[in-house]
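Trainee: Here's the letter readout for the chains.
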Amino acid sequence: MIGHSLADLSHGFAVALLPANLLWCFIGVLVGNLIGVLPGMGALSAISMLLPLTYTMAPVPAVLMLAGIFYGSQYGGAIGAILLNLPCHPPHAVTCIDGYPMTLQGRGGTALGITMLASFFAASFGIIVMIFASPLLVRIAFAFGPAEIFSIMLLGLVAGGTMSRGSPVKGVAMTVVGLVLGTVGTDVNTGTERFTFGLLPLADGVALVALALGLFGVADFLRNINRIRFVGSGAKVRLRDMRPSGAELRQAFLPMLRGTLVGTLFGAMPGTGPTITTFLAYALERKLARHPERFGQGALEGVASPEAASHAKIQVDFIPTMTLGIPGDATMALILGALLIQGIEPGPTLITQHADLFWGLIASFWIGNVLLILLNVPLIGLWVWLLRVPYRFLYPAALLFIAVGVYSVNNSLFEVGEVLVFGVAGAIFAALDFPIAPILLGFVLGPMVEANFRRALLLSHGDLMVFLRHPISAVFVGIAAALIAIQLGLALRRAGAPRPARNTAPAAD
Amino acid sequence: MNITRRSLMPLAVGAATALSTPGLAQAAAFPTRPMRLVVPYPPGGSADLIGRMVADAMGHSFSQSVIVENKGGASGAIGTAYAAHARADGYTFLMAIADTLAIDPAVFAHLPYDPRKDFDPISLLAVQPFVLAVGPAVKAPTLAALMAEAKTKPNTISFASNGAGGLQHLAIELLAAAAGVKLLHVPYTGAGPALSDVMGGHVDGIFISLQAGGSALKAGKLRALAITSQKRLSIAPNVPTFAELGYKNFNVQQWYGLVAPHGTPAPVIAALNARSVAAIKSPAIAGKLEAAGTEPVGSTPAAFGAFLDKQIALWAGVAKANHIRIE
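The listed protein sequences derive, respectively, from chains Z and D.
The numbers in our numbering rise by one with no breaks, and the one at position 185 of the first sequence is 430.
The numbers in our numbering rise by one with no breaks, and the one at position 156 of the second sequence is 171.
Honestly, the hints are just simulated from the structure, not real lab data.
From a predicted model like this one, the values you see are computed outputs, not experimental measurements.
One or more of the hints may lead you astray.
[Claimed, not checked] To spell it out: a stretch of chain Z is covered by chain D in this simulated footprint if at least three of its residues, at any positions, have a beta carbon under 8 Å from a beta carbon of chain D; those stretches are:
no.: 1; stretch: 325-335
no.: 2; stretch: 579-587
no.: 3; stretch: 640-646
[Said to hold, decoys possible] If we take Cβ atoms under 8 Å as the criterion, some of the chain D residues that face chain Z in the derived model are:
no.: 4; residue: Ala-89
no.: 5; residue: Ala-92
no.: 6; residue: Gly-178
no.: 7; residue: Gly-332
Glycine included, every Cβ here is placed at the ideal spot set by N, Cα and C.
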């Protein structure tokens, strides 16, 4: 089995390394990478714009290029998050929490370096999983039904509810704000609109891209206007600062590995978006950390783990798409469509009937990732250099790109307005010292928790025990209960102890 | 590919202009700039895909590009309303499907457009039958056995859909009514997660197009019990039709058609009809659609109008009989 896969893979490399295929793969990752740096502008718009180009192309280079755009765009996403607190794509919003403080400390280059490493590591791992463990992963994914997904998302909510620094009450309050925002839109079970106030654009809920860009990027701009002249302390970053030290690599290794595993698990499940994946990876890292109070102040783990998770998820996303014909998201659906236009049916028959395409694509993933690393390492210098641009030029330019990018998602001006609203709200929250990340956590997890809770109850005819009868679900519910118990225990003990002075109080977890 | 299209073109255009002599001059001047096809969904779905293929071919034959504008949201209502209010000059037309023009008017209390008053039909491009597919949790070998089981255990056989009030949902209600049973409807957001849960055995069955579910059927992850087409399909010869199994008039099909904002000049409609029909019937597109279980049609505007009226009446009846109404 393994020997067979290796033989196929070597054939795949032969296909992917053909000059024409290599060229299209390079064009794909380059376009993807550049698109990825732009806020809001995602792989979906890039692929839909370039799709007509593939009508006249042979199937293999066409798919190699489109796939390259998809995973290439992920590499760009973290750059804005780390350097400008601007999550160009929602999955990278969580990277802002520790990535941006690192930039403010003059360690932006290191953060980017670790991001690139984690990305490459996670993508390579995801590709290896695709080659050797696709059937196993598909079986695991099928074991997750509504009850299981509810429980794992509930655990994420419990673990992540207090993920931010500072007052836990504020953290929980902001999670609730996120949950409330998540209820806006069409109710899945009945189709009734909730809290849309008759506004049709709200029928699909608040736009995630607008929420992330508003709360993080725009809010930060609003707070910084006339206060800073350069991001960070200005031009202090040198080229050699980008190379993470040995100690930093050791520090980032385990988080990177854990993030990769989280991403791989979620990758096989259609419908669990990349944003959920990265937030859960971050929450997990914080829960496991010996000094969780470091998180939010530039902890390397808080960058390495979610970035690894997002890249593993993106690569593994191809498994259900290619082997089952079930697209994990809209972008995957578009790539499936491109296959169909080429007259190729995705699914189990793809591997046997179009072996050169399937294995060529897998080989090109790895080649593409190598190209992306080669492309991005020198570019880190350029991105960091961009910080020397005076803030008064930088932020209007970024705002313009935000507006264009958000518009491009659904061709909707309403969503550009949402960015503004959330930007102002985010600035107010930040001024009052309310953490922002839990809003996004509640927003992405809430609808998943609710829909799967109701779905599981629908299937069990209202029997709540369904969450304990399913073994996988029971384990997650158990861990969530234990977390709450520990939290309560800590709170009781702290209440018994004499109250320490406010500013020296250990940041509660 | 180009040769066939060119050789078809003069015939089709000739036929179209012959039908509409008064506007001959106007038709000759159309189009003088790029057109846009509004697809009321994000890129990636069937409607988008068919729209893109047809737009590309129409663009070539008009020598003016047809740009696909994805205007997603509110299950297609945003993009459809947007097209309804566009200028009726032929430069904007809309990809319409069963959900937006026939089902939503029956199901939704408030809809920002009227399917017949706001649009003039151009052509029915394609129809797509659904298969009733079941996952590994179902042991019943046939549709009759499954419905017999549903009769003894009401509300236990579960069916997934891509959303409440959509075609997949109404198909479930129509089946339940026809078989005299009660089925458990489990809505999802989108066909992908719904399909995945059926394949995982968490939900029993689903109505799904062959384009979306074909590969899972071939892999044996799903089993097709019946298909809604009038005749068995050559790509799925072992799947019996609903009619064969005793369900007369179980006419549940997704369809894709082009409509223009109401008031678009008849000669322009005729030109759009000729080019789009030629596009959908070209071997390059028709072959791909047929291979994916979708039947290319390419009807006249009048025939599409009559089809629309029938569809609207059909789904209004189903929604009323089953009390499906979304406020």
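Trainee: Each hint needs a verdict: does it hold in this structure or not?
Mentor: Hints, verified against the model:
no.: 1; hint: 325-335; in the structure: violated (count 0)
no.: 2; hint: 579-587; in the structure: holds (count 5)
no.: 3; hint: 640-646; in the structure: violated (count 0)
no.: 4; hint: Ala-89; in the structure: holds, 4 Å
no.: 5; hint: Ala-92; in the structure: holds, 6 Å
no.: 6; hint: Gly-178; in the structure: holds, 7 Å
no.: 7; hint: Gly-332; in the structure: violated, 19 Å
Checked against the numbered hints above, the structure breaks hints 1, 3 and 7 and satisfies the rest.
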